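When you get a sec, could you build the whole thing from the sequences and use the hints?
Chains as they are written, first to last, in the working numbering: chain A, 21 to 313; chain B, 417 to 762.
If you want the footprint, here are the derived chain A segments under chain B, 3+ residues with CB under 8 Å:
#, region
1, 114 to 120
2, 287 to 294
Far from chain A, some chain B residues (derived; all Cβ distances over 12 Å):
#, residue
3, V465
4, G603
5, I640
6, N704
Hints listed in this document are in silico derivations from the structure and should not be mistaken for laboratory results.
For clarity, every value in this text was computed on a predicted model and none was experimentally measured.
For each residue, glycine too, the CB sits at the ideal point set by N, CA and C.
Spelled out from the first residue to the last, the chains are:
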Amino acid sequence: MTWVNDVIQGIMLGGFYGMLACGLALMFGLMRIINLAHGDIAVLGAYLIYVVLQHWNTSPFVAILPVLPVMLLLGYLLQRLLLERSLRSGLLVPLLTTFGLSIVIQNLLQQGFSPDVRSLGAQAGSVATASWQITSQLSISAIGALTLGVAIVIFGGLQLFLSRTGPGRQMRATAQDPDTAELVGINSKAVYARATAIAVAIAAIGGMFLAIRSDFYPYSGPTYLIFAFEAVVIGGLGGSLWATLLGGIVLGIAQTIGGQINPEYPVLAGHIVFLLVLLSPRGGLVNLRRVSA
Amino acid sequence: MSAQPLAAAAGAPARIRRWTRLSTGFTGGFGLLVVAMIFVPVVFGANTVQDMTTLLTYLLMAVMWNALAGYGGLVSIGQQAYIGLGAYATVWLAQHSVNPYAGMLIATAFCGLVAVPLSFVMLRFRGAQFAIGTWVVAEALAIWVSLDNALGAGTGTSLSQLDSYAPSSREHYTYWMTLGCAAFFTGVVFLLLRSRLGSSLQAIRDDEDAAASVGVRVVAGKRILFLLAAAGAGAAGAMTVANTLFIEPTAIFSVNYTAFMIFMVLVGGLGTFEGPIIGAVVFYFMQNLFGNDGVWYLVALGGVAMAFALFLPRGVWGTLEERTGLRFMPLGYRVSGAAGAAPEEP
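Right, here's the structure in full:
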């Protein structure tokens, strides 16, 4: 029964990783770049929610509402001012630019908010602590269920946006072939900027759950970038969006089962599963090769 | 090399050569400088010796990262894996009664060996996949080491075996060791890039697919760089523990090392031989001048790296080379006398 419990906890944790990975997968699918500052952007979102809560005594779920438009704008500017320029010059430059950005964000957060470890769990109220006891060994936490639910809504919403709306169809067309998309009148730069704005806003939602589920500090970003990237790759780079959520869930299950074997192992177990998936001739790798060929 | 028939068609006799008077003088001067640096401990005090050890360690890191990224097109964010591994292997060997200095050399070779099986996994990836794949390996190694009690687990361990040397002679030996390693690896990269393999590596750097299509063995070339960079970073790790005498997993496996490497190479010039050397000197002085300013210094470091990546992607040296045609340490060939060829250098 503990194994069943582990798998269920892993699935809920996986919803969280999927949420963090969603923006990364969207940007990779569209522009073939990995934003190495993605984890730090999620942490930045958590800090912005923290700032709102300083002035307004409410729950983080409400405090994120004014933060989301700010993040959308930041994402738009990030693409227009930095990434757009870096895209012109090959594979290396976007990697190096976003790595530099990651260091800048981390240290600005350190300067602005001190190195103190914070958490928004207390402000989230009973949601952060409540749980349903199903059997003696099986319990489902409210925050876990909510994380997974929100993740499914985000992925479903994004999928609907991409398949049913005009801007979404423009994004899919640009992802397939930017030059041809331009020929039929799509402004690919505007499409990229919109996508980055969405990716950054979703990262902020991930940041909110990060801040409620555990604690965070200015240098938390890289850890979550790695988890998010692992989720994307396990799901199959360049595959469908749902595969990314699935990848997050596989990573989550690997971590909870690893933690069951030895309390010191969860992260290591996740890394090992990631490396095994990279090694396997099928799985994530097949997709990846097909895309980059 | 293919310039010869071209030049003949243009009706002018072409001369293809590698060395100019300037580059002969400069390369010779560089060699003399290395020889002169042997005598630093004789002439200068302990502080200078330690500073020079640090500078040479930076230089070694920058040169090796540049070999990997600048020539192999492999942006690694996981070179700290080998820095940590080199440092911990040195400590482990010293615990098993190997002389610490011999241990550093063995640890360096060990890092190169570890990279052999890893290369078969990692070289299947390009771009971001490679970058984060190497990073995950470094993270996994850091966790693995921090679970080992014999190596001090998470709290770290010291290279106490070096205490059997008097402090001043210990510093001298460490300095000479670092100088030797830096000179060795820089020399190997120089010779490698000038060889036939070097031409294929530069072709890979410029366009991997085109290089493969004319028969360059892309993966073999990349593998050699991968192993060399691993051994070099391992040596830098061994030097670091000899210089600081104490290591702990989170610090020695810190991604900051890679951030420093990226900074040095981007500022100096990615994919140029001289660039990382210049970058290391710039970085060393920046560390000394602003290193105590903490957070703002790191913000500036990241910002400068971004600015170089976006606006001056060839770095200081690469831009200078492009504008002036100067080559201090020639890796390629130059054609002169033919129509349209670069003008003669004085």
